[in-house]
Every structure is written in structure tokens, then in C-alpha cells.
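Asks: What follows is the residue order along each chain.
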Amino acid sequence: MKQSLFEQRHAENWQRFSTRLETLEGSRRKSGSGAGFSREYRQICQHLALAIDRGYASHLVEQLQQLAMRGHQQLYRHRSQFTAQLLSFVLADFPRLVRAEWRWVALAGLLFFGSLTLMALLVYGYPDLVYSVVSPADVAEMHAMYEPAARRIGQTAERASSTDWLMFGYYVMHNVGIAFQTFASGLLFGVGSLFFLFFNGLMIGAGAGHLTDAGMGATFWPFVVGHSAFELTGIMLAGAAGLKLGWALVAPGRLRRGEALRRAAQISVRLIGGVMMFLLIAAFIEAYWSSMSWPAATAKYLVGASLWLLVGAYLTLAGRTPHAPD
Amino acid sequence: MSLSHAEPGFAAPLALLDTRVRMETPEGIDLILRPAGLLSRSIAFGIDLMIRGVLLGALFFVLGTLGDFGTGLFMLALFLGTWGYMVLFEVLHQGRTPGKQIMGLRVIHDDGTPIGWSASVLRNLLRFVDMLPFGYCVGAFTCLQHPLFKRLGDLAAGTLVIYRDLPPQRPALAEVTAINPPLPLLLAEQRAVQAFAERHATLSPARAQELAAIVTQPLQLSTSPDPHYPVQQLNGIARSLAGSS
Numbered sequence: 001m002k003q004s005l006f007e008q009r010h011a012e013n014w015q016r017f018s019t020r021l022e023t024l025e026g027s028r029r030k031s032g033s034g035a036g037f038s039r040e041y042r043q044i045c046q047h048l049a050l051a052i053d054r055g056y057a058s059h060l061v062e063q064l065q066q067l068a069m070r071g072h073q074q075l076y077r078h079r080s081q082f083t084a085q086l087l088s089f090v091l092a093d094f095p096r097l098v099r100a101e102w103r104w105v106a107l108a109g110l111l112f113f114g115s116l117t118l119m120a121l122l123v124y125g126y127p128d129l130v131y132s133v134v135s136p137a138d139v140a141e142m143h144a145m146y147e148p149a150a151r152r153i154g155q156t157a158e159r160a161s162s163t164d165w166l167m168f169g170y171y172v173m174h175n176v177g178i179a180f181q182t183f184a185s186g187l188l189f190g191v192g193s194l195f196f197l198f199f200n201g202l203m204i205g206a207g208a209g210h211l212t213d214a215g216m217g218a219t220f221w222p223f224v225v226g227h228s229a230f231e232l233t234g235i236m237l238a239g240a241a242g243l244k245l246g247w248a249l250v251a252p253g254r255l256r257r258g259e260a261l262r263r264a265a266q267i268s269v270r271l272i273g274g275v276m277m278f279l280l281i282a283a284f285i286e287a288y289w290s291s292m293s294w295p296a297a298t299a300k301y302l303v304g305a306s307l308w309l310l311v312g313a314y315l316t317l318a319g320r321t322p323h324a325p326d
Numbered sequence: 001m002s003l004s005h006a007e008p009g010f011a012a013p014l015a016l017l018d019t020r021v022r023m024e025t026p027e028g029i030d031l032i033l034r035p036a037g038l039l040s041r042s043i044a045f046g047i048d049l050m051i052r053g054v055l056l057g058a059l060f061f062v063l064g065t066l067g068d069f070g071t072g073l074f075m076l077a078l079f080l081g082t083w084g085y086m087v088l089f090e091v092l093h094q095g096r097t098p099g100k101q102i103m104g105l106r107v108i109h110d111d112g113t114p115i116g117w118s119a120s121v122l123r124n125l126l127r128f129v130d131m132l133p134f135g136y137c138v139g140a141f142t143c144l145q146h147p148l149f150k151r152l153g154d155l156a157a158g159t160l161v162i163y164r165d166l167p168p169q170r171p172a173l174a175e176v177t178a179i180n181p182p183l184p185l186l187l188a189e190q191r192a193v194q195a196f197a198e199r200h201a202t203l204s205p206a207r208a209q210e211l212a213a214i215v216t217q218p219l220q221l222s223t224s225p226d227p228h229y230p231v232q233q234l235n236g237i238a239r240s241l242a243g244s245s
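Here the protein sequences line up with chains W and B, keeping their order.
Residue numbers 1 to 326, in UniProt numbering, belong to the letters of the first sequence in order.
Residue numbers 1 to 245, in UniProt numbering, belong to the letters of the second sequence in order.
Be careful, since some hints might not be right.
Restraint ranges, calculated between C-beta atoms of paired labels, are given here [to be verified]:
#, chain 1, residue 1, chain 2, residue 2, range
1, B, P147, W, R254, 17 to 25 Å
2, W, V133, B, L80, 31 to 39 Å
3, W, R39, B, Q169, 27 to 35 Å
4, W, R254, B, T216, 52 to 60 Å
5, B, D18, W, M1, 25 to 33 Å
6, W, R103, B, A58, 44 to 52 Å
7, W, T321, B, G53, 45 to 53 Å
8, B, L66, W, S18, 44 to 52 Å
9, W, R256, B, I102, 32 to 40 Å
10, W, D128, B, L59, 39 to 47 Å
11, W, R257, B, P218, 47 to 55 Å
Covered stretches of chain W (in silico footprint by chain B; criterion: 3 or more residues with CB under 8 Å from a CB of chain B, positions within the stretch not fixed) [stated by the list, open to error]:
#, segment
12, 48-60
13, 70-77
14, 182-191
15, 253-263
16, 268-278
I should point out that these hints are in silico values taken from the structure, not numbers from a laboratory.
Since the structure is predicted, the reported quantities are computational estimates derived from the model, not experimental observations.
In this text, a Cβ means the ideal position worked out from N, Cα and C, and glycines have one as well.
Please put together the full structure from these sequences, using the hints given.
Replies: Structure, rendered in C-alpha cells:
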């Protein structure tokens, strides 16, 4: 068949397919333009193959190629059943994933909580050590934040709810930033994640040890015990995801480095999804619960302990038996 | 699906000499992708940065009037702008942020399918490393090293930034009488003659004559003292190949 006859015969179909593609590209909303799409797409593919095989002119081939390409983009469109996926991720997939990657989680936890505890004990024992990691200006700022006198002011006038909003925004910005850094720098052969885990552990440990030593433990511990369950766990998991990424580059096994990285990244990014969830919860608790000064310290400790238990139980137990939404 | 550099396959139309890649799909056809290079991507990023800057700046002044509550909202907006802007646009707007839209780019998966949430989140989170140590040095370096111009984030997420194709212009064939080819043409020869006829309007007459003179002998075309005669003959063959219209 000559090219012009071929064109004459099918030009109308191509035009129709092109119009339909425009509607599909324009909006994500449901429309009637999906009906019979795959049949028309297959036809375009066949026409393209014919055009190439019969040696038709390149402008025709190119036109069909573009139609096929655009059709391909629409046919393989990303399908999102967002709510169902989110639900199954929160209820089962995320804790399962954390358990499956327990090696990296354990390593990250050891680094982070190990350095934190060690530094806290060291600073508590040798108070001057705090200045080796935290600058004097920052130490002064910490003092201002957890001054027992501030508690008395806090008791008479509750912090306005607008300030809670301010702090919520700040915590989201700051903490999620730290977690993302810890994760992303894992791409540098894992060194970045190692560094940030260790460094953040040292800083937090030094702060905790110093404040306890300076007699501000009574304001500090009730404040942090609640949200730290989610916040510290979140940073640890972000580090674990980063370490996994880095290890894929260091020891790719039987795969090429690029391929190993891609596979590790697919798993890590899901961990990061869970980390974001944790950090949002942490920011919420930190802004609205931890900052409240009227609950007695005992109440705060109790709530804190139950939150820690909750996080632990969630990560170890959730999703062990399959449920309907999975 | 496989990504290959112009593998000579069965009835492969043309070996690709430039940076285009041919990708085979399950439908048994080849898609031709044109990866975008460093410059257009940087400009697209610059445009996106400016848009975000202007929006957040405006938001800062508006929300600033609301006191602490407004500042908190602004921080949330800043968070969303820093980490969410690229992801939301890429996933919900066919792989195009406004900057990419202006520069005619789009992001897709390695296998040619539209980008999804996890790949987009990954490539944009890992931006942090590409920015190291300053001004996207790592990203620019890997981008220039890679045959498909990928930065580290693209490597890990398995994504590719390509040019969107412009609709092809229909070239006008010369108005000459159709001539049947004197001998059966191979597919590649047929394509070459057609390509010549399509492009001949953009060639200078001297160059067109020079090119046409090369094939006079092998195609056993009749000769004539007129130097433009071979050009006309090639156009005629192309017209006959296309069929009368």
C-alpha cells in the first residue's frame, strides 16, 4: 500500500486519537475518553510498525511515533488508590518493612542511641565536656529554654495557641529537614548517614546530660519524654534508610552499582514515608502536648512511657497477621 | 522493556547518531526519547526556584500580619515549598513542574512510563546530595558524566528527564511528476530518498545537486546536462514512493 493511501485511510482515526489524548493529558479527572482507549492505542502501535516496515516517509513515522509515545504515557499512567495504599502502609507494610530491614535499623539505633547515651553519661559525669561539642552560646540558649523559672511563668499564663502553631511549623521544618539530611547523605557511600546519626546523637546526648547536671532535669525530661518516642525513632529510621542506600554502593553484590542502588532506593523511600509520618506526629505532640505546663510531671512521664511502648509495639507487632486492608 | 543506544534491530529505521535513545515497549514498538541536558534542566530549576521564591515571599507578607499563627503557617508552607513542590507537580501534572513546562521538559521512569510517587519523592529528596558541596556541583558532574544526563537522584530513583516532542511539521514535497524507481530499492535506500525529498527545501540548490549527483550512478538514473535534473528525479521517485495524493 502506498503511503498516501495509508494516510488517507487512517488520518481520521489518528486525529481522533490525538484529540482524545489531549483531553486525557489536560485533566486527571474521570471522563468518557478512557473507553476503548487501549484498542485505539494498539491500532496506533500497529500502524507505526507498518509504517516503519513499509519504509514510509519519516514525517509520517515521526507523527505516529509521537502518538504512540503519548498514548504510552496515558496507558501506563500512575494509578493511585491513595487512601487504600496509605491505610495498608500505616497498618502493616511500614512495620513489616522495618522488621525486614532490622539489620540497618539495629545499626542505626546503636549508633544514634549509643552515642546519645554515652555522651549524656559523660557530660553528666564531666560537666565541662559539654563545651567540646556545643558552643557556649548554644549552651546559654538551652539554659534559657529550660530554666525552672520559666515554668512558673508558664504556669500563670498558658502559651497562646497561636504560639503552638508557630512551634508546630518550626518543628516540622526543622526535624524533617534533619531526617531528610540524614537519609539523603547516605548516598555518599553511607558516610553521611553515619556522620549525621553520630553527630545528632552526640548533640542531643550532650544537651540532655548538661541540663540534668545543671539541675534543669525537672523541666527538661517531662518536656522531651513525650515526643522523643516518635522523633528519635524517626531520625534513627531515616539513618537506617540512608545506610541501606550507601551499602548498596559499597557492596552491590552481583548487581551493577546503579542497579543495586535503584533497588535499595525503592525500599528506602518507603522507610522515609514512615519516617515522615513519625516526625509529623512528633511535631504535633511537641507543639501541643509537650509544651503544656499544667499536667504534672508524673502525668507527662506516664504518657511519655506509654508513647514509647506504643512505638515499640507498633514497630514489632503491627502487621504480623494479615488483615483485610492489606 | 529495554533501553538501548540505537541497537541495530530488525527493520530498525535509522541508527541514532545523537543522544536519543530507543526504548522497546511491550507493544513491540520503539519509543524514541530525547534526554535533556544540563543547561535546559538548570534553567528549568532556576525558573522553579524563582516561582517558589516569589510565592513564598508574597505568602510571608500576607501571613506575617497574622502574628505567630501566620508564622507557623508560613513555616508549614515553606516546608511544603521546599520538599513538596517538585513532587506534587511531577506526579500530578504529567511529570512537569512549571519550570520544566516552560523549558519543554518532563520527567519519566527509565522504562518510559509516567513518574509515580516513590520515584519522584526519591529523586527530589536526593537533591540534597546533588547540591553538595555548593551550587549543584555533584549533580552537574554526574549529569555531564552520564550518557543519559542523569544526576545522582535520577540514578537512584530510576528516572529520566526528557524533552517533550513538538508536533512534527508536514514537509512540502516538490511538485514534480512521479517516476517509478528504475530498480527495486532497499528499505534504507527508500528512506534515504524520502528524507532527501523532505529536506530538500531546506538545502541550498548547490548542496542538493551535489547530494543527488552521488546517487545518479548507483540508481541508474537517466542523465542530462542540466545540473538540477538529478534532484528532480529523486523528488519524483520520492513522490512515487509516497503515492499520488
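Asks: Run every hint past the structure and note whether it holds.
Replies: How the hints compare with the structure:
About 23 Å separates the C-beta atoms of P147 of chain B and R254 of chain W, a value consistent with the hinted range of 17 to 25 Å. A beta carbon spacing of about 33 Å between V133 of chain W and L80 of chain B agrees with the range 31 to 39 Å that was offered as a hint. Checked against the given bound of 27 to 35 Å, the beta carbons of R39 of chain W and Q169 of chain B, roughly 29 Å apart, stay inside it. Checked against the hint of 52 to 60 Å, the pair R254 of chain W and T216 of chain B passes, with Cβ atoms roughly 57 Å apart.
Between D18 of chain B and M1 of chain W the C-beta distance comes to about 31 Å, which sits within the given range of 25 to 33 Å. Checking the proposed 44 to 52 Å range against R103 of chain W and A58 of chain B shows it holds: the Cβ atoms sit about 47 Å from each other. Taking 45 to 53 Å as the suggested C-beta distance range, the pair T321 of chain W and G53 of chain B conforms, at roughly 50 Å. Between L66 of chain B and S18 of chain W the beta carbons are some 48 Å apart, a value that agrees with the proposed interval 44 to 52 Å.
About 35 Å separates the C-beta atoms of R256 of chain W and I102 of chain B, a value consistent with the hinted range of 32 to 40 Å. Between D128 of chain W and L59 of chain B the C-beta distance comes to about 45 Å, which sits within the given range of 39 to 47 Å. At roughly 48 Å, the beta carbons of R257 of chain W and P218 of chain B sit within the given window of 47 to 55 Å. Beta-carbon proximity to chain B at under 8 Å applies to 9 residues in the segment 48-60 of chain W; the threshold of 3 is reached and the given coverage holds.
Requiring three or more residues with a Cβ within less than 8 Å of a Cβ of chain B, the coverage given for the segment 70-77 of chain W holds, as 4 such residues are present. Here the segment 182-191 of chain W counts 5 residues with a CB under 8 Å from a CB of chain B, which clears the bar of 3, and the coverage holds. With 3 residues having a Cβ less than 8 Å from any Cβ of chain B, the segment 253-263 of chain W passes the three-residue criterion, so the hint holds. Counting residues of the segment 268-278 of chain W whose beta carbon lies closer than 8 Å to any beta carbon of chain B gives 5, which reaches the threshold of three, so the coverage claim holds.
Checked against the numbered hints above, the structure violates none of them.
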